[in-house]
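**Student:** So you can see what is in the structure, the chains are spelled out below.
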Amino acid sequence: MDEDIVRMTTADVARIIHIDQELCTGCQRCVAICPVDAIKGQKGQPQTICQERCVACGQCVQICSAYASIFDEDIAPREQKIAERGLLSSVKEPLFASYNCGDALKVKAALADSQLFTMVQCAPAVRVAIAEEFGLPWGSLVPGKIAAALRKLGCNRVYDTNFAADLTIMEEGSELIQRVTAGGTLPMFTSCCPAWVKYVEQTYPELIPHLSSCKSPQQMAGAIFKTYGTKVDRVEAERVFSISVMPCTCKKFECGRPEMDDSGYRDVDVVITTRELAQLIKDAEIDFLHLPEEEFDKPLGTYTGAASLFGVSGGVMEAALRTSYKLITRESIPEISIRSVRGGAGIRKASVKVGNWTLKVVVVSGLKNAKTVMEQIKAGKADFQFMEVMCCPAGCVSGGGQPKVLLPSDRPGAYVGRAANTYAHDENLRIRESHNNPDVQKLYKFFLGEPLGHESHHLLHTQYTSRK
Amino acid sequence: MSTNLNAFVVADPNKCIGCKVCEVACSVAHTDKEFVTAGMIDTPLIAKLYLVKTLAVTMPVQCRQCENAPCAQVCPVAAITQINDRIVIDETDCIGCKTCLMVCPFGAIDIVPVYRDGEMVSQSTLKVKTAEGFVEKERVVASKCDLCAGRSTSPACVTACPEKALEMIVPKQEKKQRNVDAAVNLLNYVKKFVE
Numbered sequence: 001m002d003e004d005i006v007r008m009t010t011a012d013v014a015r016i017i018h019i020d021q022e023l024c025t026g027c028q029r030c031v032a033i034c035p036v037d038a039i040k041g042q043k044g045q046p047q048t049i050c051q052e053r054c055v056a057c058g059q060c061v062q063i064c065s066a067y068a069s070i071f072d073e074d075i076a077p078r079e080q081k082i083a084e085r086g087l088l089s090s091v092k093e094p095l096f097a098s099y100n101c102g103d104a105l106k107v108k109a110a111l112a113d114s115q116l117f118t119m120v121q122c123a124p125a126v127r128v129a130i131a132e133e134f135g136l137p138w139g140s141l142v143p144g145k146i147a148a149a150l151r152k153l154g155c156n157r158v159y160d161t162n163f164a165a166d167l168t169i170m171e172e173g174s175e176l177i178q179r180v181t182a183g184g185t186l187p188m189f190t191s192c193c194p195a196w197v198k199y200v201e202q203t204y205p206e207l208i209p210h211l212s213s214c215k216s217p218q219q220m221a222g223a224i225f226k227t228y229g230t231k232v233d234r235v236e237a238e239r240v241f242s243i244s245v246m247p248c249t250c251k252k253f254e255c256g257r258p259e260m261d262d263s264g265y266r267d268v269d270v271v272i273t274t275r276e277l278a279q280l281i282k283d284a285e286i287d288f289l290h291l292p293e294e295e296f297d298k299p300l301g302t303y304t305g306a307a308s309l310f311g312v313s314g315g316v317m318e319a320a321l322r323t324s325y326k327l328i329t330r331e332s333i334p335e336i337s338i339r340s341v342r343g344g345a346g347i348r349k350a351s352v353k354v355g356n357w358t359l360k361v362v363v364v365s366g367l368k369n370a371k372t373v374m375e376q377i378k379a380g381k382a383d384f385q386f387m388e389v390m391c392c393p394a395g396c397v398s399g400g401g402q403p404k405v406l407l408p409s410d411r412p413g414a415y416v417g418r419a420a421n422t423y424a425h426d427e428n429l430r431i432r433e434s435h436n437n438p439d440v441q442k443l444y445k446f447f448l449g450e451p452l453g454h455e456s457h458h459l460l461h462t463q464y465t466s467r468k
Numbered sequence: 001m002s003t004n005l006n007a008f009v010v011a012d013p014n015k016c017i018g019c020k021v022c023e024v025a026c027s028v029a030h031t032d033k034e035f036v037t038a039g040m041i042d043t044p045l046i047a048k049l050y051l052v053k054t055l056a057v058t059m060p061v062q063c064r065q066c067e068n069a070p071c072a073q074v075c076p077v078a079a080i081t082q083i084n085d086r087i088v089i090d091e092t093d094c095i096g097c098k099t100c101l102m103v104c105p106f107g108a109i110d111i112v113p114v115y116r117d118g119e120m121v122s123q124s125t126l127k128v129k130t131a132e133g134f135v136e137k138e139r140v141v142a143s144k145c146d147l148c149a150g151r152s153t154s155p156a157c158v159t160a161c162p163e164k165a166l167e168m169i170v171p172k173q174e175k176k177q178r179n180v181d182a183a184v185n186l187l188n189y190v191k192k193f194v195e
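If you read the sequences in order, they're chains C and F. Oh and the first sequence: position 138 is 138 in the working numbering, straight run, nothing missing. Oh and the second sequence: position 110 is 110 in the working numbering, straight run, nothing missing.
It cannot be assumed that every hint is accurate.
In silico DSSO-like links for lysine-lysine, alpha-carbon gap of 27 angstroms or less [said to hold, decoys possible]:
1) F:137 x C:81
2) F:33 x F:137
3) C:282 x F:33
4) F:53 x C:81
5) C:445 x C:298
6) C:92 x F:33
7) C:43 x F:137
8) F:33 x C:43
9) C:349 x C:360
10) F:175 x F:164
11) C:40 x F:137
12) C:81 x F:33
13) C:326 x C:353
14) C:282 x C:152
15) F:137 x F:127
16) F:164 x C:368
17) F:175 x C:40
18) C:81 x C:40
19) C:43 x F:164
20) C:368 x C:378
21) C:368 x C:445
22) F:137 x F:15
23) C:43 x C:81
24) C:349 x C:378
25) C:40 x F:164
26) F:15 x C:368
27) C:326 x C:298
28) C:92 x F:127
29) C:381 x C:368
30) F:137 x C:92
Calculated directly from the structure, the hints in this document are not laboratory data. Here the structure is a predicted model, which is why all the values come from computation and not from measurement.
Using the sequences provided together with the hints, build the complete structure.
**Tutor:** Here is the structure:
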């Protein structure tokens with residue numbers, strides 16, 4: 001197969017978010033929501049995006065309501081716009097001015113290619129949102145239907161980003177403890193949100209050492225698919241095509257970062273959003289609502305409650321605390337649901353007693369809220385050790401690639417529903433701490449060695465670039 | 001005879017930013033399915049109000065529910081009637097002749113295709129001659145704001161507008177309020193003058 005046709009290339013990821021100049025009315029609601037002031041223009045005139053500043057979070061895609069009407073006579077035909085946007089020709093939904101370029105066509109082509117062995121991963125926030133595209137209530141939890149649908153679409157292995165979220169916690173928790181005990185750069189920042197990472201690189205490059213060196217779960221999964229995964233499935237790595245389904249548009253940017261090839265190949269070949277997966281399911285005429293539930297494949301689809309929390313703001317923090325507590329005290333955390341890091345406030349501070357000492361943490365949701373904290377850190381006023389930042393207002397459940405909520409009044413309820421079912425998922429899973437994931441334990445035993453070890457460092461950690 | 005005047009929705013051009021949420025909300029409120037996400041929509045959005053953008057003004061325009069509705073006066077098949085406090089088009093009777101569209105002083109009426117269960121409704125008799133032979137012609141009907149008849153809350157566009165630029169005007173209440181405002185203003189003016 002011609003690599004340029006299907007796999008992500010750097011050219012693809014340079015420009016992800018666009019504003020259709022024919023459709024934009026210049027209402028500037030996107031300008032107001034953009035966390036990095038990347039959208040510019042005159043009021044009442046079509047807006048443009050500064051691609052260097054854009055962190056590809058897709059919040060403008062979510063809020064835009066200027067659409068192509070069938071009564072607009074002086075605009076390009078729908079077929080042309082569908083092609084420009086990389087959408088499947090079967091897509092029927094209205095076309096809005098602000099959009100992200102799609103990759104469902106690449107996935108469709110890869111799934112039809114018998115030479116490729118497709119391994120797919122599905123992020124935690126996808127399972128509490130995709131059913132909305134098929135008419136179920138806000139936040140309906142459908143991991144079993146997603147696994148079944150991905151299998152029906154023809155994926156050879158239906159794995160899960162949640163497995164890699166557990167793996168991330170093993171590495172990130174260990175890194176935090178190492179920095180605290182051996183004197184590394186503190187406070188440590190989470191590095192799971194690619195929009196946040198790009199923001200640090202372009203706005204606060206001097207604070208890059210604070211970022212955890214851990215790759216995001218998406219990239220860890222990709223690197224493990226093409227190494228350990230190839231051994232499990234007895235398949236040549238060059239045949240493996242790594243697909244990810246994400247609630248996030250910036251994940252397309254992340255997977256194309258030049259350094260994300262530690263497996264010897266592109267760790268993730270193509271990223272589609274929750275919306276794009278729904279489009280693929282409709283395109284294949286799969287009756288999603290009546291699919292019998294299926295399991296994700298083992299071992300790289302086994303996950304804990306902690307992993308599912310990555311979909312909500314404060315979730316990575318909560319998952320990391322559960323495991324850090326165990327790593328430090330050798331005991332399980334007494335109260336497993338850590339409510340002090342949950343909630344909707346833009347900046348939340350909490351203290352967690354871990355054995356004889358107190359770990360101070362900060363959770364930031366909504367990139368607009370990051371600046372205040374970053375300035376404090378720059379001024380040497382940080383009195384905490386660990387900080388989680390998620391770009392989107394309610395965490396990944398409100399990501400730019402999630403089902404687009406049509407009316408502004410529905411948005412809060414949608415996010416509350418998605419978050420509530422994320423917590424319910426955690427509570428209903430038998431194992432709720434990442435270090436107790438049996439297949440993660442096996443991965444360390446038979447392949448990686450130990451967290452922060454040589455192989456882990458090579459495959460699961462990365463470095464960042466100043467973009468100032 | 002009823003002395004009640006029909007209510008209508010009107011936008012404040014000073015507040016409207018032209019985002020078209022009103023059009024989206026209107027379209028969604030008038031489909032036969034309950035749409036909540038963009039991905040669920042499988043037919044074109046067809047609103048019953050129209051965002052107007054000129055150099056001087058940006059605002060949606062919609063039906064004023066005219067008391068002596070010219071559209072009803074000219075409808076050759078009497079498909080337009082007054083029901084309760086609104087002017088209503090009976091889509092089953094409408095023949096798509098466009099006369100109402102021509103006489104409406106506000107351009108508040110459009111002729112639109114009909115969708116049912118995600119499919120465009122075709123006519124049974126009238127065919128269109130194409131290169132591939134005769135094909136069915138879609139059924140079109142006159143369409144205009146019906147104040148979201150059947151909705152228990154205020155019209156969808158009013159609720160959805162993020163700038164609160166749209167308002168349902170109930171003429172008698174509006175007139176009374178304006179009288180009250182005028183009286184208060186006059187009183188304040190006189191007070192200032194006396195002081």
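**Student:** If a hint holds in the structure, say so; if it doesn't, say that too.
**Tutor:** Hint check:
Under the criterion of a C-alpha separation no larger than 27 angstroms, the hint pairing residue 137 (chain F) with residue 81 (chain C) is consistent with the structure, at around 25 angstroms. Proposed proximity of residue 33 (chain F) and residue 137 (chain F) is supported: the alpha carbons are some 24 angstroms apart, at most 27 angstroms. Between residue 282 (chain C) and residue 33 (chain F), the direct Cα distance comes to roughly 17 angstroms. Compliance with the 27 angstroms bound is thereby established for this hinted pair. Restraint check for residue 53 (chain F) and residue 81 (chain C): satisfied, since their Cα atoms lie roughly 23 angstroms apart, inside the 27 angstroms limit.
Distance restraint check for residue 445 (chain C) and residue 298 (chain C): the Cα-Cα separation of roughly 16 angstroms lies within the 27 angstroms cut-off, and the hinted pair is therefore satisfied. For the suggested pair residue 92 (chain C) and residue 33 (chain F), the alpha carbons sit about 15 angstroms apart, so the restraint of at most 27 angstroms is met. Taking the CA atoms of residue 43 (chain C) and residue 137 (chain F), the gap is near 41 angstroms; set against the 27 angstroms cutoff, the hint is violated. Among the hinted pairs, residue 33 (chain F) with residue 43 (chain C) is inconsistent with the structure: their alpha-carbon atoms are about 35 angstroms apart, more than 27 angstroms.
Under the criterion of a C-alpha separation no larger than 27 angstroms, the hint pairing residue 349 (chain C) with residue 360 (chain C) is consistent with the structure, at around 8 angstroms. Our distance criterion of 27 angstroms between C-alpha atoms is met by residue 175 (chain F) and residue 164 (chain F), whose separation comes to about 21 angstroms. Taking the CA atoms of residue 40 (chain C) and residue 137 (chain F), the gap is about 44 angstroms. The hint is violated against a cut of 27 angstroms. Straight-line distance between C-alpha atoms of residue 81 (chain C) and residue 33 (chain F) comes to about 26 angstroms, which keeps the hinted pair within the 27 angstroms bound.
Restraint check for residue 326 (chain C) and residue 353 (chain C): the C-alpha separation of about 12 angstroms stays at or below 27 angstroms, so the hint holds. With a C-alpha separation of about 12 angstroms, the suggested pair residue 282 (chain C) and residue 152 (chain C) falls inside the 27 angstroms cut-off, and the hint holds. Annotation: proposed proximity of residue 137 (chain F) to residue 127 (chain F) holds, straight-line Cα distance about 5 angstroms (limit 27 angstroms). At most 27 angstroms may separate the alpha-carbon atoms for a hinted pair to count; residue 164 (chain F) and residue 368 (chain C) meet this at roughly 25 angstroms.
Restraint check: the Cα-Cα separation between residue 175 (chain F) and residue 40 (chain C) comes to about 42 angstroms, which exceeds 27 angstroms; the hinted pair is violated. Among the hinted pairs, residue 81 (chain C) with residue 40 (chain C) is consistent with the structure: their alpha-carbon atoms are about 22 angstroms apart, no more than 27 angstroms. The straight-line distance between the Cα atoms of residue 43 (chain C) and residue 164 (chain F) is roughly 18 angstroms, inside the 27 angstroms bound, and the hint therefore holds. Note on residue 368 (chain C) and residue 378 (chain C): the hinted pairing holds, with a Cα-Cα distance of about 17 angstroms set against a maximum of 27 angstroms.
Using a Cα cut-off of 27 angstroms, the hinted pair residue 368 (chain C) and residue 445 (chain C) is violated, with the two alpha carbons roughly 41 angstroms apart. Only pairs whose Cα atoms come within 27 angstroms are accepted, and residue 137 (chain F) paired with residue 15 (chain F) is rejected, the gap being roughly 41 angstroms. As the CA atoms of residue 43 (chain C) and residue 81 (chain C) are separated by approximately 24 angstroms, the hinted pair is consistent with the 27 angstroms bound. For the proposed pair residue 349 (chain C) and residue 378 (chain C), the alpha carbon gap of about 18 angstroms is at most 27 angstroms, so the pair holds.
A hinted pair counts as satisfied when its Cα atoms are at most 27 angstroms apart, and residue 40 (chain C) with residue 164 (chain F) qualifies at roughly 24 angstroms. Simply put, residue 15 (chain F) and residue 368 (chain C) have alpha-carbon atoms about 26 angstroms apart, close enough for the 27 angstroms limit, and the pair holds. Taking the CA atoms of residue 326 (chain C) and residue 298 (chain C), the gap is near 25 angstroms; set against the 27 angstroms cutoff, the hint holds. In summary, the hint linking residue 92 (chain C) to residue 127 (chain F) is supported, as the alpha carbons are separated by about 25 angstroms, within the 27 angstroms threshold.
With a CA separation close to 19 angstroms, the supplied pair residue 381 (chain C) and residue 368 (chain C) stays within the 27 angstroms bound. Our distance criterion of 27 angstroms between C-alpha atoms is met by residue 137 (chain F) and residue 92 (chain C), whose separation comes to about 20 angstroms.
Against the hints set out earlier in the document, violations occur for numbers 7, 8, 11, 17, 21, 22.
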